Structure formats: C-alpha cells, structure tokens
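> One-letter residues, chain by chain:
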Amino acid sequence: GQQVMQIPQYQHVQEGEDFTTYCNSSTTLSNIQWYKQRPGGHPVFLIQLVKSGEVKKQKRLTFQFGEAKKNSSLHITATQTTDVGTYFCAGPPRSNYQLIWGAGTKLIIKP
Amino acid sequence: DAGVIQSPRHEVTEMGQEVTLRCKPISGHNSLFWYRQTMMRGLELLIYFNNNVPIDDSGMPEDRFSAKMPNASFSTLKIQPSEPRDSAVYFCASTEGPLGSYNSPLHFGNGTRLTVT
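Residue numbers (our numbering), protein chains in the order written: chain A, 24 to 134; chain B, 789 to 905.
Just so you know, the hints here were simulated from the structure itself, not pulled from any lab data.
The reader is advised that the hints may include incorrect statements.
Straight-line C-alpha distance at most 20 angstroms; calculated DMTMM-like pairs for lysine to aspartate or glutamate [said to hold, decoys possible]:
#1 A:K93 / A:E77
#2 A:K129 / B:D874
#3 A:K59 / B:E832
#4 A:K79 / A:E38
Here the structure is a predicted model, which means the values were calculated and not measured.
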C-alpha cells in the first residue's frame, strides 16, 4: 500500500548541532506537510510545500520538496532546547485525499 | 479562536465500560478527523467527516467504535465495550473545506489520553 517512510526514528544531538529528517513516499504526493509534536503535546502544523523542488525557510528550519514530489526533508540549523519534539511529515497522494503520515523523527538534545 | 477543544483530557476506565470522547472543531471548519496515536502504530486516521457527514470510516478498528457529528460544532467518538488494547491518545483535528489535491493544514486538539485497565 501507499506509505511514507521517515528516517531516522530518533536523532540525538548536542545543542547547537544540526538536525535533519527525511521522508520518502512510495507514490507521488500532491503536497507535503510538516508537523511538530512536543512531548505530551499534539501535532502542530509547521509548513506546507506544494511545488516540485520547492524550498522554504522558517528561521533556522529549512524544508525541501523533491523534484519528483516523492521525498522531502527538514533541516534545523544550530538546534536549541525548544526544538525538542517529534517531527512528522504527511502528504496526500494524487489519487487520494487522505493524508499519509510518516512515523516521525524524535529530536533529542543530549544533556 | 480557542482552537479545537477535546474533553476529557484524561480518561481511565475498566475493561468493558463505555467511553465517550468529545470534540468541538474550530468554528467555520468543515472537515473533522479522529486520530489515534500509539507508540506501536503511530498516528492512525479513524474517521473523517465533511459537513457533518462521515466520508471515510475505514480506519475504525471494529464495531466497538462509533463516531457521530450531529452538528458542525460537535463530534463524539464512542467505544463500547472498551478493551485494554484501546489505550492510546485520541486526537480530534479540523480543517477548512473538504480534502482534495490541495489540503489545508490540520488543527489538532490537545487529545484525550485513554487508559483501559
């Protein structure tokens, strides 16, 4: 079936290091959305990418949507403690309306 | 705007009991979703309503689960009878308009943490 693979499952970084999570879809997506879930919280929408090859930035966060609209990445520069949480990608395949969710990447800041 | 409101925040119940979770979507949002989140299975879509009509309930685990949306500002998810494997965080989310090739972002409520003993 249609699925979105997200890696890595966990990433431990020192504060100030960079962080990247990748999503790969088995099918072409109409768009890709990114959400952040803090520990004990609920998913919060970050951004949506629609165009092939699109790149968007939000301060230290950079989001990319692949040319084939099947993969995406989120890169955080110089992580801070406020970045801790799980980052999810989600997107609808062209043939369907339903969002397919990645399993999430948990960002952990080493003490 | 108050956002999506869910109640209760926590529910602890014994196996076999009926559980009712409640959701108030953001005013003006036409689509409402019930999701379940567990460590093992991640986020699972249970049911999707558009304009108060259930569009897709293929994610509802079994007949013990039922959902209603009697009006645009209220929805319930009921589990009867509950079982320990139903323990999870249940999220309600809403968005503007129907889903299509260009999806509006989902706005999630704070969730209900259900524990069935």
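> A separate judgement is required for each hint: does it hold in the structure or not?
Hint check results:
The suggested pairing of K93 of chain A with E77 of chain A holds, with an alpha-carbon distance near 12 angstroms, which does not exceed 20 angstroms. Of the pairs offered as hints, the one joining K129 of chain A and D874 of chain B is violated, with about 24 angstroms between alpha carbons and a cut-off of 20 angstroms exceeded. Of the pairs offered as hints, the one joining K59 of chain A and E832 of chain B holds, with about 16 angstroms between alpha carbons and a cut-off of 20 angstroms not exceeded. A threshold of 20 angstroms between alpha carbons decides the hint, and for K79 of chain A with E38 of chain A the separation of about 23 angstroms lies outside it, so the pair is violated.
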